Amino acid sequence: MYPIIEYLINAPLLVVGLWIALCLLALVLLFRKPRRHLLVSNESGRLEISRHALHRLIETCCQQVNGVSSARARIVKRHGKFKTCLRLKVRPNAKMDAIQGYLAQEITDIYKLNLGIANVGPIEIEVVGVIAEQKEF
Amino acid sequence: MPPRDFTPPTRMDDQPELGDIKINHDVVASIVRLAAQEVQGVAGVGGGIADGISELFSKREADKRGVKVTEDARGDYAIELRIVITYGTEIGRTAYEVQVAVRKQVIAMTDKAVARVDVIVEGVRLPTNGSATTNGDRPDDLWAGIVTSD
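Sequence lines, in order, name chains A and B. The numbering of the first sequence is numbering that gives the first Met the number 0, which starts it at 0 and goes up by one. The numbering of the second sequence is numbering that gives the first Met the number 0, which starts it at 0 and goes up by one.
Chain B extracted, bound-state conformation (with noise of 0.2 Å):
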């Protein structure tokens, strides 16, 4: 029997028959927080009163906290990320450098568009390693031997 020649149908993005690829919103809002950790500057992600609580009662909920996820009427994700940052790191810069982060790293995984990137500061954590100081601020043992009197 000869071989029987086979060739693929060509596949066309707008073809209704392969179906539609969705992705759940937290499968999202773990990609924001990963993002948002990352960026430098950044303490941790979440931190309200509510989260805390809702934690205690269902494990799911710690992927996706302090993240979250909506989509307006076209379809593009909204955010809302509420994060805790690191003392003596440049609020603005640091919300800057998120919202950037998350965008690019949603938008590479989901190809799909984001609307907004709302940050919200949630609180202050003093710096474990003495990492604060590295963007060119005063040292906070600067005063040390003027304000006391040894």
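Chain A extracted, bound-state conformation (with noise of 0.2 Å):
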């Protein structure tokens, strides 16, 4: 009889269920069907984005203003529209008004003219930490 067939009748009915329940996780994680947002469709093919590609686009977007440390970018599509929200942690320097004007300009710059999607949802700018600058020796 093989091992694996052994360890399974004489383990306990918890370990087994375990066990399965953590292959079947792992199953469900690689054969779950990936979301994506359609952006393009003609019939010489389609053009998508996955969901994580829109945040890292986003976060890198929100990254790239200087007085942002980090970002994380939720976004949901409800009724048509993409409602963004957007937790950042920012320097102890930062204008949090600019940042939010430059934001939301730059962030409905990359849905309208990047992406090619004209109904915007609200953005919503939380901010949820302070970092302090490294001091360089």
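I should point out that these hints are in silico values taken from the structure, not numbers from a laboratory. Hints are supplied without guarantee of correctness; some may be wrong.
Partner residues are not named here, just some residues of chain A that face chain B (Cβ under 8 Å, in silico) [to be verified]: (1) 39; (2) 45; (3) 49; (4) 50; (5) 51; (6) 115.
Computed from a predicted structure; not experimentally measured. Ideal placement from N, C-alpha and C gives every residue a C-beta, glycine not left out.
Each of the two chains sits in its own frame; use the hints to bring them together as a complex.
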């Protein structure tokens, strides 16, 4: 008899259940259909962007702004509109109003000009932390 | 002995006895990968989690990573391509250039029609040598003096 079958027969039910759950989780993670947003579709092909890439695009845009240390983006498509929630960690010398105005404009431009998405929803910006700049010796 | 004249038979494209020429989809995938990587603004091809895991187990996967080639009922290629773009490039234009380059290269090398090229942007990567602002975008440190209060 195979050792794996022997192990499964002798193992407690809880262990077997845990192994099955772990295998199912791994299968779901491997084979789940990634969420993508369709940008353009015509007879020559389609252009889609993955949710991960969209997040990275917005986060990278935020991180280019001087005064923003790190950014996390959450984008939800609701009623055909993209609602963007940004969680920022900023530097102590950052001007919040300038950052807010600049990011709102830049992200709207990314949606409209770069991705061709006309229905831009609200852009919510939340500052969740302040990180001091590392001093150079 | 007088020399015998040998005239080779005229080759006809529809001669059945010459056999078929079949091109493996992996070869087409390699062509697609190389053509896409040549386009400016494409930082890489592939990038999904499943691709990375499968590449760990098989070395062959590296050539066709991020590319799926199928044939439709008419025998035309349908290509799905996952790319990582460079931050700062225009996504729509880059994707269009990828579609054109892939179609052109595959037709040139295989002489078969390409029905469609689907481009999926899987990731965004920061440029390593600051080449993202070549298409007229604003430099990223433009706001340096405005946003911060030094």
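Here is what the structure says about each hint:
no. : hint : in the structure
1   : 39   : 7 Å, holds
2   : 45   : 4 Å, holds
3   : 49   : 5 Å, holds
4   : 50   : 10 Å, violated
5   : 51   : 7 Å, holds
6   : 115  : 6 Å, holds
Comparing the model with each numbered hint stated earlier shows that hint 4 is the single one that does not hold.
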